[in-house]
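Asks: Residue numbers (my numbering), protein chains in the order written: chain A, 1 to 261; chain B, 262 to 522; chain C, 523 to 783.
Source of the hints: derived by calculation from the structure; they are not laboratory data. The beta carbon of each residue, even a glycine, is placed where N, CA and C say it ideally should be. One or more hints might be untrue.
[Stated by the list, open to error] Here are a few chain B residues that sit away from chain A, every Cβ distance over 10 Å (derived from the structure):
hint	residue
1	Pro332
2	Thr345
3	Gly346
4	Glu370
5	Glu375
6	Ala406
7	Gly411
[Said to hold, decoys possible] Derived DMTMM-like pairs (lysine to aspartate or glutamate); straight-line CA-CA distance at most 25 Å:
hint	chain 1	residue 1	chain 2	residue 2
8	C	Lys664	A	Glu109
9	C	Lys746	B	Asp515
10	B	Lys291	A	Glu109
11	B	Lys403	C	Asp776
12	C	Lys552	B	Glu370
13	A	Lys30	C	Asp566
14	B	Lys409	B	Glu450
15	A	Lys142	B	Asp305
16	A	Lys224	C	Asp615
17	C	Lys746	B	Glu370
18	A	Lys224	C	Asp566
19	B	Lys431	B	Asp515
20	B	Lys318	A	Asp35
21	A	Lys57	C	Asp557
22	C	Lys625	C	Glu779
23	B	Lys485	A	Asp167
24	B	Lys470	B	Glu483
25	C	Lys552	A	Glu109
26	A	Lys30	B	Asp296
27	A	Lys83	A	Glu109
28	C	Lys579	B	Asp354
29	B	Lys485	A	Asp35
30	B	Lys291	C	Glu779
[Unchecked claim] Computed from the model, here is a short list of chain B residues facing chain C with C-beta under 8 Å:
hint	residue
31	Gly272
32	Ala274
33	Asp275
34	Gly279
35	Pro302
36	Pro303
37	Pro383
38	Ala386
39	Gly521
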Amino acid sequence: MQPIALITDFGIADHFLGSMKAAILSVNPKATIIDISHEIPPGDINAAAVMLLLCRKDFPASTIFVAIVDPGVGSSRSAIAIKTGTQFFIGPDNGVLALAIKKTGFPSEIRRLENTRLFRNPISATFHGRDIFGPVAGHLSKGFAFNKLGPVQNTITQGASISVKVDSRKVAGNIIAIDRFGNCITSIEPVHLNKLKAGKLSAVIKGRKRLPVCSSYDDVLEGKPLGIFGSAGFLEISINRGNAARIFRLNRGDIVEIQGE
Amino acid sequence: MQPIALITDFGIADHFLGSMKAAILSVNPKATIIDISHEIPPGDINAAAVMLLLCRKDFPASTIFVAIVDPGVGSSRSAIAIKTGTQFFIGPDNGVLALAIKKTGFPSEIRRLENTRLFRNPISATFHGRDIFGPVAGHLSKGFAFNKLGPVQNTITQGASISVKVDSRKVAGNIIAIDRFGNCITSIEPVHLNKLKAGKLSAVIKGRKRLPVCSSYDDVLEGKPLGIFGSAGFLEISINRGNAARIFRLNRGDIVEIQGE
Amino acid sequence: MQPIALITDFGIADHFLGSMKAAILSVNPKATIIDISHEIPPGDINAAAVMLLLCRKDFPASTIFVAIVDPGVGSSRSAIAIKTGTQFFIGPDNGVLALAIKKTGFPSEIRRLENTRLFRNPISATFHGRDIFGPVAGHLSKGFAFNKLGPVQNTITQGASISVKVDSRKVAGNIIAIDRFGNCITSIEPVHLNKLKAGKLSAVIKGRKRLPVCSSYDDVLEGKPLGIFGSAGFLEISINRGNAARIFRLNRGDIVEIQGE
Numbered sequence: 001m002q003p004i005a006l007i008t009d010f011g012i013a014d015h016f017l018g019s020m021k022a023a024i025l026s027v028n029p030k031a032t033i034i035d036i037s038h039e040i041p042p043g044d045i046n047a048a049a050v051m052l053l054l055c056r057k058d059f060p061a062s063t064i065f066v067a068i069v070d071p072g073v074g075s076s077r078s079a080i081a082i083k084t085g086t087q088f089f090i091g092p093d094n095g096v097l098a099l100a101i102k103k104t105g106f107p108s109e110i111r112r113l114e115n116t117r118l119f120r121n122p123i124s125a126t127f128h129g130r131d132i133f134g135p136v137a138g139h140l141s142k143g144f145a146f147n148k149l150g151p152v153q154n155t156i157t158q159g160a161s162i163s164v165k166v167d168s169r170k171v172a173g174n175i176i177a178i179d180r181f182g183n184c185i186t187s188i189e190p191v192h193l194n195k196l197k198a199g200k201l202s203a204v205i206k207g208r209k210r211l212p213v214c215s216s217y218d219d220v221l222e223g224k225p226l227g228i229f230g231s232a233g234f235l236e237i238s239i240n241r242g243n244a245a246r247i248f249r250l251n252r253g254d255i256v257e258i259q260g261e
Numbered sequence: 262m263q264p265i266a267l268i269t270d271f272g273i274a275d276h277f278l279g280s281m282k283a284a285i286l287s288v289n290p291k292a293t294i295i296d297i298s299h300e301i302p303p304g305d306i307n308a309a310a311v312m313l314l315l316c317r318k319d320f321p322a323s324t325i326f327v328a329i330v331d332p333g334v335g336s337s338r339s340a341i342a343i344k345t346g347t348q349f350f351i352g353p354d355n356g357v358l359a360l361a362i363k364k365t366g367f368p369s370e371i372r373r374l375e376n377t378r379l380f381r382n383p384i385s386a387t388f389h390g391r392d393i394f395g396p397v398a399g400h401l402s403k404g405f406a407f408n409k410l411g412p413v414q415n416t417i418t419q420g421a422s423i424s425v426k427v428d429s430r431k432v433a434g435n436i437i438a439i440d441r442f443g444n445c446i447t448s449i450e451p452v453h454l455n456k457l458k459a460g461k462l463s464a465v466i467k468g469r470k471r472l473p474v475c476s477s478y479d480d481v482l483e484g485k486p487l488g489i490f491g492s493a494g495f496l497e498i499s500i501n502r503g504n505a506a507r508i509f510r511l512n513r514g515d516i517v518e519i520q521g522e
Numbered sequence: 523m524q525p526i527a528l529i530t531d532f533g534i535a536d537h538f539l540g541s542m543k544a545a546i547l548s549v550n551p552k553a554t555i556i557d558i559s560h561e562i563p564p565g566d567i568n569a570a571a572v573m574l575l576l577c578r579k580d581f582p583a584s585t586i587f588v589a590i591v592d593p594g595v596g597s598s599r600s601a602i603a604i605k606t607g608t609q610f611f612i613g614p615d616n617g618v619l620a621l622a623i624k625k626t627g628f629p630s631e632i633r634r635l636e637n638t639r640l641f642r643n644p645i646s647a648t649f650h651g652r653d654i655f656g657p658v659a660g661h662l663s664k665g666f667a668f669n670k671l672g673p674v675q676n677t678i679t680q681g682a683s684i685s686v687k688v689d690s691r692k693v694a695g696n697i698i699a700i701d702r703f704g705n706c707i708t709s710i711e712p713v714h715l716n717k718l719k720a721g722k723l724s725a726v727i728k729g730r731k732r733l734p735v736c737s738s739y740d741d742v743l744e745g746k747p748l749g750i751f752g753s754a755g756f757l758e759i760s761i762n763r764g765n766a767a768r769i770f771r772l773n774r775g776d777i778v779e780i781q782g783e
């Protein structure tokens, strides 16, 4: 099985998602499709890039990811597929795939999608999810040869990067995503803490509010805040049974620091 | 494969959609179900009819569409299935299927769903998606004979129609749907423009605002409006990387005209 | 087929649901997954327990239900699976499974999920849907022996109960759920009415507003309220083609009485 996993900004109220799935299943009636999210804010390439980064490792090694946030649809931006290890990534070349690719640790092969025999015919100027990306994913999931998708491209567009500053006293990152429960996922990973002196760690938000870094929500009392390395491997700012983003008015981009004792 | 494609006003917060899918899979455990949308506003028959019109052609030729917006559930309205070409359409006979059927170009055979052996037992008075429409779709997807669903019915209820007025100087249509990105889909199709003199076309909204008709969003600058024949084959009013419905305060029903030079 | 049916408070905007499905499909690539709802308000155990109660009977006899509303994830609450008849129920032991289990009419076997070989490795402290519940559901759907999931547990945590008071003149229940259409589902079932004198029944809301109990929405005029035994087998307060919750400002917990003549 090569499941096809979808991230888009299509929402679920319009017919777009259904039409794209119809396009996939028209090519491969046995395709297994997994929805990651379709609630990326319209045109928010960075939000989709971060989401793909957060969940990529949760998927089978053979997964074909399709990420479509494509405000430049119909323009000259290229459509690409990337092979890293045994996973594939398909989408517009606008940065939506960049963060996840960088983290795979595998070399990447990039192909521009130019094999028009794989596409829907005719191709619209406004809906390449249905006309190009979906059909190509369907063909790949049936074993179509990656190197026949189109010519090699050497680099991909880098979207917004996520950054972490490390020194011997502290590590500074940013909030890169906020989930439904108000947990604020930062760019800080365990590896960034290597230079800090061993001992008790604190997370600092808003430049002054200091929270303990714990290993379980219940390490603090109900309603109390904490830092915790969450399920995607990044430090998160949370409140035990509460909504940290709302209580502390945290937003994407806000700085979070980790300090040793 | 005969996929089953669903449009309803059930939303996704309640258990209705899951229960209807359970009913389908109870009949045909191997059914392939594609969600088109479940966010039709409660009781908005016309919105569902238009959505089915916009996406029908995107689906495989063997698709079984089930469209349930059914404010009259439990009343005397009949439940029907329609065969046109190789596609099937199932739903209440209240107009929800009418626009799509009219456009297929195939003759239609209409059957009233009266073969109670196919239904869930007992049948509730309030949830025919689970008790009638879902199970019937499940049986059809397993190859159950269409002509054994129930007696022939000669006509179906026509819901709201969509109209276009054509003369030699202009074509006037209406906004029939607005998508998540603020694109305003009108009732105007390329065929309606045949009588206009060749040359540059303009779309006129609000009776005076004049937009160029283009073939790609990027034919205008970012933030600029345009008319464009969209992915469903209808003229749309859009803004390149913007939200036309919001900026111009456009609503379903608003008039859009196309004028030649 | 043993379908896996999911109720969570994950929402659909984050990647959580996709990651949990990926975990299920990693174990059993052929699993059939049915979404019941992921829009349970964050942490609202009771809402999920009621939803499972309302829809359980709609699902195939072999269904594996997974209900995850888990504000105590990572704490000492146990993770359990319950076998009743041929259905399985998986979730945290916090009451989310309790209402549905009580109604099955079958004896239940409860197992604590402690067979760590079935889990994802490593296990996060914050996302047991991906790391424990999903994989266990995947294994069960492939025929893994229920009695090898972990040790027997004798009782489960009872969450909020739903109650009905019955006397010879009236039956008093509560609103336990409100659906998208504004129908207010109460705790009252047909069996509770046995002691009432035969004859015409009325539903009383807000302590005084009296509505006829009917068998179809269309038994009252459009826009008029009624009581009706709905598709889940419970008395509902509705308005024919209207929204009863909004018009009467009804909320979960509000008392509804049924009175005889």
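Asks: Compare the structure with each hint and give your call.
Replies: Structure-based check of each hint:
no., hint, verdict
1, Pro332, "19 Å, holds"
2, Thr345, "17 Å, holds"
3, Gly346, "16 Å, holds"
4, Glu370, "23 Å, holds"
5, Glu375, "29 Å, holds"
6, Ala406, "22 Å, holds"
7, Gly411, "28 Å, holds"
8, C:Lys664 with A:Glu109, "36 Å, violated"
9, C:Lys746 with B:Asp515, "32 Å, violated"
10, B:Lys291 with A:Glu109, "36 Å, violated"
11, B:Lys403 with C:Asp776, "45 Å, violated"
12, C:Lys552 with B:Glu370, "36 Å, violated"
13, A:Lys30 with C:Asp566, "36 Å, violated"
14, B:Lys409 with B:Glu450, "37 Å, violated"
15, A:Lys142 with B:Asp305, "39 Å, violated"
16, A:Lys224 with C:Asp615, "23 Å, holds"
17, C:Lys746 with B:Glu370, "37 Å, violated"
18, A:Lys224 with C:Asp566, "19 Å, holds"
19, B:Lys431 with B:Asp515, "16 Å, holds"
20, B:Lys318 with A:Asp35, "23 Å, holds"
21, A:Lys57 with C:Asp557, "23 Å, holds"
22, C:Lys625 with C:Glu779, "22 Å, holds"
23, B:Lys485 with A:Asp167, "46 Å, violated"
24, B:Lys470 with B:Glu483, "18 Å, holds"
25, C:Lys552 with A:Glu109, "30 Å, violated"
26, A:Lys30 with B:Asp296, "16 Å, holds"
27, A:Lys83 with A:Glu109, "5 Å, holds"
28, C:Lys579 with B:Asp354, "28 Å, violated"
29, B:Lys485 with A:Asp35, "33 Å, violated"
30, B:Lys291 with C:Glu779, "44 Å, violated"
31, Gly272, "4 Å, holds"
32, Ala274, "4 Å, holds"
33, Asp275, "5 Å, holds"
34, Gly279, "4 Å, holds"
35, Pro302, "10 Å, violated"
36, Pro303, "5 Å, holds"
37, Pro383, "10 Å, violated"
38, Ala386, "5 Å, holds"
39, Gly521, "45 Å, violated"
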